[in-house]
Amino acid sequence: MRTQTIINVQIRFCVAVILSVGSLCAQHVHVMSAPGAAPGGLPVVVDGSKNPEKIPDTLAYQHFFAAFAAHPTPTAQEQGRQNAQLGPLQLAAADRATLVRTLAAFRVQLDQIASAVLVAGTPVALAGLQTQKSTLVVTTLASLRQALTSDGASRLDQYVQTRVKAHIVIYGGAM
Amino acid sequence: MRTSSLFALLTIATLFSATRLSAQCTPQMNISVYSDGDPSPDGLTVYGYSSTEDSSTLCSCYHSDYQTTAVLQLADGSYVDNTEPGETSSVSAPTDGDGTYYALGAAGLNCSCYGNLGAGGPSISIPPPSSGDYRHRRYPELV
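Residue numbers (numbering that gives the first Met the number 0), protein chains in the order written: chain L, 0 to 174; chain U, 0 to 142.
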């Protein structure tokens, strides 16, 4: 509970900095700063708005699937959110239905992995779940590309390459 | 003979320690945040959403307590936000004012080796929907 509170405070700090400075923020406590980073900050490795080509396809689709997926029986909020998200893709009705169905299946499996993460207990188990999630993304993408029309697959890819990648920031570095 | 044996032993020891050093695992953080936002097709609601992915090389470290926050900056300059445990979050608000809406996000997690980590996503201005009805009502100059 205390950890959650501390993280919450950090997120709020981060959000406050983003809002007030209008820039990217990474707060990193108890860690040495990497060269070139702000004191206490995790350095930005890739800013998708500047270098979208440096965002890996798998990572971009991973974010897209996670952010757009709704449950098979979505709440009104989930349904509204997904309707708003899917509008800009301008998919044909059949392709849209295929995408929604595939995303729902993805959500179910992602929830199972997320539950397992909560009780993973060891770094090895956690790494195994990360791999499982990456595999889920790859298989979901492969099945989507088979199920969508070529126009639908092209629109989806165009959206991920141009819009999703531009809105991703990767932080990191050796610790 | 004795000197050459000693040299051989030293060489083997050096190679062995070099191999051990290269086999050591260095934690490599790799945390990404995606934030974006969209208006509903009828233009009455804006949605902000954010997701976090952790592809770090953990070695013996352990990551837990993932939290993701989605934030909307409304046309009047006020903010609404929602923090969810896990790697995704979304937030919505009615579009009750002309002006620009922004979506942004943030992520937090606990690392057993380095403590609490936080990262912010980009701030995105939310584009108007493609529906003519919405443009007519909220962006009459575009119709």
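Just so you know, not all the hints are guaranteed correct.
Simulated restraints on C-beta separations [to be verified]: (1) U:24 with L:57: 15 to 25 angstroms; (2) L:91 with U:25: 47 to 57 angstroms; (3) L:133 with U:25: 18 to 28 angstroms; (4) U:41 with L:103: 21 to 31 angstroms; (5) L:124 with U:97: 50 to 60 angstroms; (6) L:103 with U:27: 27 to 37 angstroms.
Some chain U residues near chain L, calculated using beta-carbon distances under 10 angstroms [stated by the list, open to error]: (7) 27; (8) 31; (9) 60; (10) 74; (11) 87; (12) 98; (13) 99; (14) 116; (15) 120.
Covered by chain U, according to a simulated footprint, are these stretches of chain L (three or more residues, beta-carbon under 8 angstroms) [as the list claims (entries may be wrong)]: (16) 83-89; (17) 97-104; (18) 121-127; (19) 162-172.
What the hints contain is simulated information worked out from the structure, not anything from laboratory work. Please read these numbers as outputs of a predicted model, since none were measured by experiment. Just so you know, even glycine gets a beta-carbon here, dropped at the ideal spot from N, CA and C.
What are the numbers of the hints that this structure violates, sorted from low to high?
-> 10, 12, 13, 17
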